[in-house]
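**Q** Mind docking chain B on chain L? Use the hints.
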Amino acid sequence: MELIFVAAAIMMGLGGLGAAIGVGLLGGKLIEGSARQPELAPRLQGTFFLAAGLVDAIPIIGVGIAMYLIFVVAA
Amino acid sequence: MAGDTLTVKGYIQHHLTNLTYGKLPAGYERVDYETGEQIVLTEDTWTFAHGGEEAAAMGFNAVHVDSLAWSFGLGLVFCWLFRRVAVKASSGVPAGMVNFFEIIVEFVDQNVKDIFHGRNPLVAPMALTVFVWVFLMNLMDLVPVDVVPELMLLLGVPYQKIVPSTDPNITLGMAVGVFFLMLYYNIKVKGFGFVKELTLTPFKHPVFIPLNLFMEVVGFLAKPFSLGLRLFGNMYAGEMIFILIAALFSGGIGWMLAAGLMQIGWAIFHILVITLQAFIFMVLTIVYLSQAHEDH
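As you go down the protein sequences, you meet chains L and B in turn.
Under the working numbering, the letters of the first sequence match residues 1 to 75, in that order.
Under the working numbering, the letters of the second sequence match residues 76 to 371, in that order.
So that you can see chain L by itself, here it is in the shape it has in the complex (with noise of 0.2 Å):
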């Protein structure tokens, strides 16, 4: 039973992790290519909240079955 609030934290720790990397060299990107366009900037903005909200997904799902595994099925 114990097991379950380790496979959580795994579960949130590296979708966390993985989601981090995403949306940072996402921004990245996004500061570069607006630096380099200034024109483009609200157009990639756009594009940008649309990738973000997609990464954003996987560790949000993660973090909601994890709270469901720890508060409910462990409780």
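Hints listed in this document are in silico derivations from the structure and should not be mistaken for laboratory results.
All values reported here derive from a predicted model rather than from experimental measurement.
Misleading hints may appear alongside valid ones.
Unchecked claim - Okay, the calculated beta carbon distance ranges per label pair:
#1 B:Leu288 with L:Val23: 33 to 43 Å
#2 B:Pro169 with L:Gly13: 45 to 55 Å
#3 L:Leu26 with B:Pro277: 25 to 35 Å
#4 B:Thr276 with L:Gly13: 48 to 58 Å
C-beta atoms are modelled at their ideal positions from N, C-alpha and C, and glycine is treated no differently.
**A** What follows is chain B alone, placed relative to chain L:
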């Protein structure tokens, strides 16, 4: 549940249970809700489920009444609001509500123009419907988690989940709708070319037909699946966190203050999430339909 002691686990499970109406099979043993007696059903009965076990016993013959009612209700709210504004619109300077709705319509229209390159007058209105409807369904997440279920409990309704997009039946149902549109337009626009696309990409040689077919079909089926599950997963996780924070209110005065602050913080962050998810659902719908219209 009245009478039972309230535990955190029970509280969370109560909040995650849909109001289910369905057919209980003959011979099923259940506790009569009004008298509290153990009874055995003599024939198949259509009734509301009291608890997850009864809902599971109903199997396929069950509908989630709350998800259906709230999603249809919100769809009607969308139609009513937009109609009310649309009849007021004029070529002059817009004011108030009209202004706000024009921003939404123009925003969706711009997105469709950027992404969708085919010729189809139905895509932009559909994108608007998808965006506003999903947004309204997600918006129910910001209603405090206890208000509606507790009011419904007073009225004698045992369960109520007010966020339709935390029900996989609703999100996957919408995704299946998008899937059928994809199929329809793929066949309508490409005709036999659709078969070619499934069998001769990415490797253009007859030997690779089985491999190509397998890869393309899996990719094609994965689109609606991920579309529905993404929305469901995000909203379910968000709702779960709202419920867990609400469960902290039982921990004494110190926890209550902390939980109140956390609730506000998460709600503010969630305003971004619900808008973003509605936007993503809309954009992906347009992208998939755009791919269906690309005839080479």
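**Q** Now look at each hint and say whether the structure bears it out.
**A** Hints and how they fare:
Distance hint check for Leu288 of chain B and Val23 of chain L: the Cβ-Cβ separation is about 36 Å, which falls inside the suggested range of 33 to 43 Å. The supplied range of 45 to 55 Å is met by Pro169 of chain B and Gly13 of chain L, whose beta-carbon atoms lie about 50 Å from each other. In this structure the hint that Leu26 of chain L and Pro277 of chain B lie 25 to 35 Å apart at CB holds, the actual value being about 27 Å. Separated by about 38 Å at the C-beta atoms, Thr276 of chain B and Gly13 of chain L break the suggested range of 48 to 58 Å.
Of the numbered hints stated above, the single one contradicted by the structure is hint 4.
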